[in-house]
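One letter stands for each residue in the lines below.
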Amino acid sequence: MNGFLAPAIGDQLDALLPFLIVAGGGLLVMLVDALFRTKRKDHLSLLTLIVLLLSVLAQLRSGFGDERVLLSGMLTVTDFSRFFDFLFVGCAVLTTVFAGSAFDRGGRQRPEFFPLLLFAVLGMMVLASASDLLSVFLGLETMSLAVYVLAGGVRGDVRSSEAGFKYLLMGSFASAFLLMGMALLYGFAGGTAFSDIGRALAAGPGERGLAALAGGLILVGFGFKVAMVPFHMWTPDVYDGAPAYVTGFMATAVKAAGFAILTRFVLLMQPHLAFTWYPLLVGLAVVTMSVGNLVALAQNGIKRMLAWSSIAHAGYLLLGVVTLISPAHGNSGQMMLGREVGEAAGSALLFYLLGYSLMNLAAFGVIGALSKGGREADEIERYAGLSRRKPLAAAVLAIAMLSLAGIPPMVGFMSKFYLFSAVVRAGLVPLAIIGVINSLLSVYYYLRILVVMYMKKPEEGGYDDADTVAVSAAAVLAGLILLLGVMPEGVHRAAQEIFRQITF
Amino acid sequence: MHSPVSESVIQESLLRWIVLLPLLGAAINGLLNRRLPKAAVGAIACGAVGLSFVLSLTAFLRLAALPAESRLLVDTVARWIGFGPLRVDMGFAMDPLNAVMALIVTGVGFLIHVYSLGYMSHDKGFQRFFTYLNLFIFAMMTLILGENLLMLFVGWEGVGLCSYLLISFWFNEEANAIAGKKAFVVNRIGDFGFLLGVFLLGATLLPHLGAGEGLFSFRVMQRHADVLAPAATAIALLLFVGATGKSAQIPLYIWLPDAMAGPTPVSALIHAATMVTAGVYMICRMNFLFVLSPAAMHVVAIVGAATALLAATIAMTQNDIKKVLAYSTVSQLGYMMLACGVGAFAAGIFHVMTHAFFKALLFLGSGSVIHAMSGEQDMRVMGGLWKKLPITFWTFLAGTFAIAGVFPLAGFFSKDEILWKAFSGQGGGVGLYAVAFLVAGLTAFYMMRLVVLTFHGQNRAGAEVRHHIHESPLTMTLPLVVLAVLSVVGGWIGWPAFLGGSNRFEQWLEPVFAGGHHVAAAVAGHGGEALAEGAAAAHGAAHEGMGLERALAGASLTWGLLGLSLGYLVYSRRTKVADTVRGIAGGWPYRVLLNKYYVDEAYDGAFIRPGFRLSKTVLWKTVDAGVIDGLLVNGSALVVAVFGSLLRLLQNGLVRFYAWSFTVGVAVFVVYLSLKG
Numbered sequence: 000m001n002g003f004l005a006p007a008i009g010d011q012l013d014a015l016l017p018f019l020i021v022a023g024g025g026l027l028v029m030l031v032d033a034l035f036r037t038k039r040k041d042h043l044s045l046l047t048l049i050v051l052l053l054s055v056l057a058q059l060r061s062g063f064g065d066e067r068v069l070l071s072g073m074l075t076v077t078d079f080s081r082f083f084d085f086l087f088v089g090c091a092v093l094t095t096v097f098a099g100s101a102f103d104r105g106g107r108q109r110p111e112f113f114p115l116l117l118f119a120v121l122g123m124m125v126l127a128s129a130s131d132l133l134s135v136f137l138g139l140e141t142m143s144l145a146v147y148v149l150a151g152g153v154r155g156d157v158r159s160s161e162a163g164f165k166y167l168l169m170g171s172f173a174s175a176f177l178l179m180g181m182a183l184l185y186g187f188a189g190g191t192a193f194s195d196i197g198r199a200l201a202a203g204p205g206e207r208g209l210a211a212l213a214g215g216l217i218l219v220g221f222g223f224k225v226a227m228v229p230f231h232m233w234t235p236d237v238y239d240g241a242p243a244y245v246t247g248f249m250a251t252a253v254k255a256a257g258f259a260i261l262t263r264f265v266l267l268m269q270p271h272l273a274f275t276w277y278p279l280l281v282g283l284a285v286v287t288m289s290v291g292n293l294v295a296l297a298q299n300g301i302k303r304m305l306a307w308s309s310i311a312h313a314g315y316l317l318l319g320v321v322t323l324i325s326p327a328h329g330n331s332g333q334m335m336l337g338r339e340v341g342e343a344a345g346s347a348l349l350f351y352l353l354g355y356s357l358m359n360l361a362a363f364g365v366i367g368a369l370s371k372g373g374r375e376a377d378e379i380e381r382y383a384g385l386s387r388r389k390p391l392a393a394a395v396l397a398i399a400m401l402s403l404a405g406i407p408p409m410v411g412f413m414s415k416f417y418l419f420s421a422v423v424r425a426g427l428v429p430l431a432i433i434g435v436i437n438s439l440l441s442v443y444y445y446l447r448i449l450v451v452m453y454m455k456k457p458e459e460g461g462y463d464d465a466d467t468v469a470v471s472a473a474a475v476l477a478g479l480i481l482l483l484g485v486m487p488e489g490v491h492r493a494a495q496e497i498f499r500q501i502t503f
Numbered sequence: 000m001h002s003p004v005s006e007s008v009i010q011e012s013l014l015r016w017i018v019l020l021p022l023l024g025a026a027i028n029g030l031l032n033r034r035l036p037k038a039a040v041g042a043i044a045c046g047a048v049g050l051s052f053v054l055s056l057t058a059f060l061r062l063a064a065l066p067a068e069s070r071l072l073v074d075t076v077a078r079w080i081g082f083g084p085l086r087v088d089m090g091f092a093m094d095p096l097n098a099v100m101a102l103i104v105t106g107v108g109f110l111i112h113v114y115s116l117g118y119m120s121h122d123k124g125f126q127r128f129f130t131y132l133n134l135f136i137f138a139m140m141t142l143i144l145g146e147n148l149l150m151l152f153v154g155w156e157g158v159g160l161c162s163y164l165l166i167s168f169w170f171n172e173e174a175n176a177i178a179g180k181k182a183f184v185v186n187r188i189g190d191f192g193f194l195l196g197v198f199l200l201g202a203t204l205l206p207h208l209g210a211g212e213g214l215f216s217f218r219v220m221q222r223h224a225d226v227l228a229p230a231a232t233a234i235a236l237l238l239f240v241g242a243t244g245k246s247a248q249i250p251l252y253i254w255l256p257d258a259m260a261g262p263t264p265v266s267a268l269i270h271a272a273t274m275v276t277a278g279v280y281m282i283c284r285m286n287f288l289f290v291l292s293p294a295a296m297h298v299v300a301i302v303g304a305a306t307a308l309l310a311a312t313i314a315m316t317q318n319d320i321k322k323v324l325a326y327s328t329v330s331q332l333g334y335m336m337l338a339c340g341v342g343a344f345a346a347g348i349f350h351v352m353t354h355a356f357f358k359a360l361l362f363l364g365s366g367s368v369i370h371a372m373s374g375e376q377d378m379r380v381m382g383g384l385w386k387k388l389p390i391t392f393w394t395f396l397a398g399t400f401a402i403a404g405v406f407p408l409a410g411f412f413s414k415d416e417i418l419w420k421a422f423s424g425q426g427g428g429v430g431l432y433a434v435a436f437l438v439a440g441l442t443a444f445y446m447m448r449l450v451v452l453t454f455h456g457q458n459r460a461g462a463e464v465r466h467h468i469h470e471s472p473l474t475m476t477l478p479l480v481v482l483a484v485l486s487v488v489g490g491w492i493g494w495p496a497f498l499g500g501s502n503r504f505e506q507w508l509e510p511v512f513a514g515g516h517h518v519a520a521a522v523a524g525h526g527g528e529a530l531a532e533g534a535a536a537a538h539g540a541a542h543e544g545m546g547l548e549r550a551l552a553g554a555s556l557t558w559g560l561l562g563l564s565l566g567y568l569v570y571s572r573r574t575k576v577a578d579t580v581r582g583i584a585g586g587w588p589y590r591v592l593l594n595k596y597y598v599d600e601a602y603d604g605a606f607i608r609p610g611f612r613l614s615k616t617v618l619w620k621t622v623d624a625g626v627i628d629g630l631l632v633n634g635s636a637l638v639v640a641v642f643g644s645l646l647r648l649l650q651n652g653l654v655r656f657y658a659w660s661f662t663v664g665v666a667v668f669v670v671y672l673s674l675k676g
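The listed protein sequences derive, respectively, from chains A and B.
Take numbering that gives the first Met the number 0: the last position of the first sequence gets the number 503, and nothing is skipped along the way.
Take numbering that gives the first Met the number 0: the last position of the second sequence gets the number 676, and nothing is skipped along the way.
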């Protein structure tokens, strides 16, 4: 335990700095809010942006390509975790911008919003670099508690309160299973560190049944966070009830954090348990994408529709996880995964998460920009004729929708292309076909938004007021969607590089 | 020397139907709520019990056809608990002991069902009544035929439940509800002891079980009785606490007289003929355990004798016709306990049987009287009913003579057997005999008093009531006649040796109880030879004692007749004898007895009032008003006010549904991974 002692901290300080900045920044923002009470909260959002920026700088300063074990193995910072840290911070930056604009337009979020956002990011960062069951739980709960309040934190809005409360209830439920699984796994391995678990799994078949069961319960906890069927039921209600800027954050950063730890965990367990888990995950992936897409078809609210869409995307992403551990390239007995397939699937997963975050943030950004006085721009019918009233907002939303539907030249297309080609390379052709059918199905409900915006006449009561700041931020995202759609290789190669470092 | 338990097990799936038919009846009548005509309800209820009786008889005949040593039918329905070494089957078994009990319960039960057709014909709760009644028979048969102690306990609780339901059947009157509550509370105390006994027994036995042996199976317990010896006294006394509750013994007898609040057929069936004998049956069933502890046996005998005496004295002064019979029941149950306590289990069961006949008869007769008197139960306003209710009167008289022990009616044989065993059995002696002898006379006296007050002289009721007096319908009188016949001849199967018979009843039960005595002797350190010697000695003594037995029987018969005569003299005509007796007994002894020794008041002062005070001052004022109301309720009211507005919006069902589907998902996960992993 000497890692906790002061001298050792010094060596780790540079790698710990991004965490410390976010944590300290959260406290600072809270203090500033308490000390300087003003009507406008611009200074808080500005301060938050600065904190996030500083953490990025600290991250850049500590360098890349190496593996840093911190705090006696509680955290292990790798390029994998750094990638996610950037993603989280990026999402948080945009969320800060969107939230700030919503506050200007009469959103009644509590002032604790910004510190909570920072704490959520801290939790995610811990989660993405956790290498011990304890830090996993710590990160997960830090993130979750903050997000519960974010979702339910709109003053006087019953739908928001309901969303937060439901999320809290179901989240606690999921955490109970997660903890149970962790306890069992601890019982199996005799330690909570990932290295202990890996050693125990490698030691022999022994009580592997117990490990599989424990892993399954932990999977339930992670599955809840990424909205995996059948642990997805909260998603539509919470996405619908929370304000758009929070929903955008949840659909992107929270889901990415969930997949970060899910991937880490599956990779930890897979050399020994892939045979057990593989069919289960295949089934879950197929069910999750199909359920998400089918229910999304029937939605009238755009936020509910995007909630179901996010469930469907969780299904695609699970397909990537499945491919990562697919036994197709291993010798029958020994689980030796083809490095090539692993890299392809892993990098596709990361790229998909990035692209998915961009398009979801853009979509929710526009929705938030159209919202006014705390009333969410949710009814799809009222988007009629938006292209004439607010052409930029309509265009950004259209790009986001096309990208979600997976139509070139958007990033959504490239994401699916990388993902499905990895699936095919792993020899899982039927799964790829199911995935493609699903994404064809999804085109219908994404295009419906375009049809309403561009081909219907504006009507009385339609949304006609958009916040300029938010729309321009969303427009930047739309630009990135197009850019990454046209020139994906740079990012994709970086993602491959990240997975090259991971030993399969 | 014969083997204590025969291991040749004969499967007989008939047994489960004996138990299940009444349940079926209850299910039909209970589930088809108020959609059946009364005739159909009655036919279903009576048919179910009647069929159950026929099946019991069939099983009994099959059992009788077997050689005495291997009289055992087993019907294992399912494995109930199978957890490591802990194994308990759900099943039934029939040996000579519970064959007798099964015949009594289904037979008498059937007659009382038929009687109830008439008695309850005007009641709104007709269907509900028969549902409960069938349910009771189901529970009672589970208790009796259960293959192990846990099955017995299930039945034990089941009959208790039916008893409470039926005591407070007319729950619109508060007194009835209170009586049901009292029975419930008192029985809980008993059941607590019983359960402790079961646990202690299980804990003692479990380490010694062989593979595949059911933990609480009576056969297995008997086989391993030797390992129970060190804990036998504790287990036996704890089980006996349960028996004092169910069978209304000191100190837990107080619920039974109040239980008469229920409809009279219920009093006859549950609170006289069957359920209250469950404690006696349980002790007989566990005889191999009780005989291991002479101390526990002694306690049983003394409590039984004391209860018999106490209740008989109270019965002499009660004015409510059913109260007299209730205390009489308590007193007779004391007799049965006394028999068990001196090791005369067969005599105890014999008395269970004859008592079922004549006490059911007396209760049903009193029901017929109450029916005729438009619901009046006070004997002081009755009188002169014998002309108007001839069938009721004559059958009632048969029951009275039977319980008074007049030769050759049923009660004579069973009571005399108990008296003799109280004198000559293990731990018996002059003291116990004297108490039992005294009770016999008192019984004759109070029963005669009851008959005279009810049927003799002039009717003291108002004109309105007198106008309505009529004999009961056939459905009520027919069971009376059948039970009267049984009360007369029912004891003859136990015709004792000293009168030239061979007591076939005792012979029939002998295989059940011999094993227990055998074990006790083995544990006590006697070898087989010593046992044989002892048996031979006992046999010789029996021959020598026959003269003494004959003399004692004569004495008790005379004593009973004396009691009857005295009762008649005191209550029918003014004579000097009667006046003298009244003068002596009419003062404070009378008041003490009339008030039932103030036991209810004592319990009230000792337990109930302090309990109320405790709950009122400490629990209510301090804990409830202060801590709970002030801190928790008012404090949480604030929290609830905040969260309640949120919670209401959760569309409650939805979140529950989410959690449900979540759980199903987890279950699928776990099952899949458990199978695969």
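Heads up, some of the hints might be wrong.
Label pairs and their computed distance ranges (CB to CB) [stated by the list, open to error]: (1) ALA201(A) / ILE80(B): 46 to 54 Å; (2) ARG78(B) / VAL157(A): 21 to 29 Å; (3) LEU31(B) / PRO429(A): 42 to 50 Å; (4) ALA202(A) / GLU212(B): 50 to 58 Å.
Far from chain B, by Cβ distances over 10 Å, these chain A residues were calculated [as the list claims (entries may be wrong)]: (5) LEU26; (6) ARG39; (7) GLY72; (8) ALA173; (9) LEU212; (10) VAL228; (11) PRO229; (12) MET232; (13) THR275; (14) PRO278; (15) GLU380; (16) ARG381; (17) SER420; (18) LEU440.
Since the hints were made in silico from the structure, they are not lab data.
Fair warning: this is a prediction, and the values are worked out from it, not measured in the lab.
Where a beta carbon is used, it is the ideal one built from N, C-alpha and C, also for glycine.
Hint check:
The hinted range of 46 to 54 Å is not satisfied by ALA201(A) and ILE80(B), whose Cβ atoms lie roughly 40 Å apart. Hint check: ARG78(B) to VAL157(A), Cβ distance near 53 Å, so the stated range 21 to 29 Å is violated. Between LEU31(B) and PRO429(A) the Cβ separation comes to about 54 Å, which falls outside the hinted range of 42 to 50 Å. The beta-carbon spacing between ALA202(A) and GLU212(B), approximately 40 Å, falls outside the hinted interval of 50 to 58 Å.
Once the 10 Å rule is applied to beta carbons, LEU26(A) is consistent with being away from chain B; the minimum gap is 27 Å. With a least beta-carbon separation of about 28 Å from chain B, ARG39(A) lies farther than 10 Å from that chain, consistent with its non-interface assignment. With a closest Cβ-Cβ approach of about 27 Å to chain B, GLY72(A) is found to remain outside the 10 Å limit, as its non-interface label requires. Not every C-beta of chain B lies more than 10 Å from that of ALA173(A), the closest at about 7 Å, which undercuts listing it as non-interface.
Residue placement check: LEU212(A) does not keep its beta carbon more than 10 Å from all beta carbons of chain B (closest about 5 Å). At roughly 8 Å from the closest C-beta of chain B, the C-beta of VAL228(A) falls inside 10 Å, breaking its exclusion from the interface. Annotated as non-interface, PRO229(A) brings its C-beta within 10 Å of a C-beta of chain B; the closest such distance is 4 Å. A Cβ of chain B approaches the Cβ of MET232(A) within 10 Å, the least distance being about 4 Å, so the stated non-interface status is violated.
Annotated as non-interface, THR275(A) brings its C-beta within 10 Å of a C-beta of chain B; the closest such distance is 5 Å. Not every CB of chain B is more than 10 Å from the CB of PRO278(A) (nearest about 8 Å), against its label as outside the interface. Its beta-carbon lying about 24 Å from the closest one in chain B, GLU380(A) satisfies the requirement of being farther than 10 Å from that chain. With a least CB separation of 24 Å from chain B, ARG381(A) remains clear of the 10 Å interface cut-off, as annotated.
Residue-level check passed: SER420(A) sits 30 Å from the nearest beta carbon of chain B, beyond 10 Å. Annotated as non-interface, LEU440(A) keeps its C-beta farther than 10 Å from every C-beta of chain B; the closest such distance is 23 Å.
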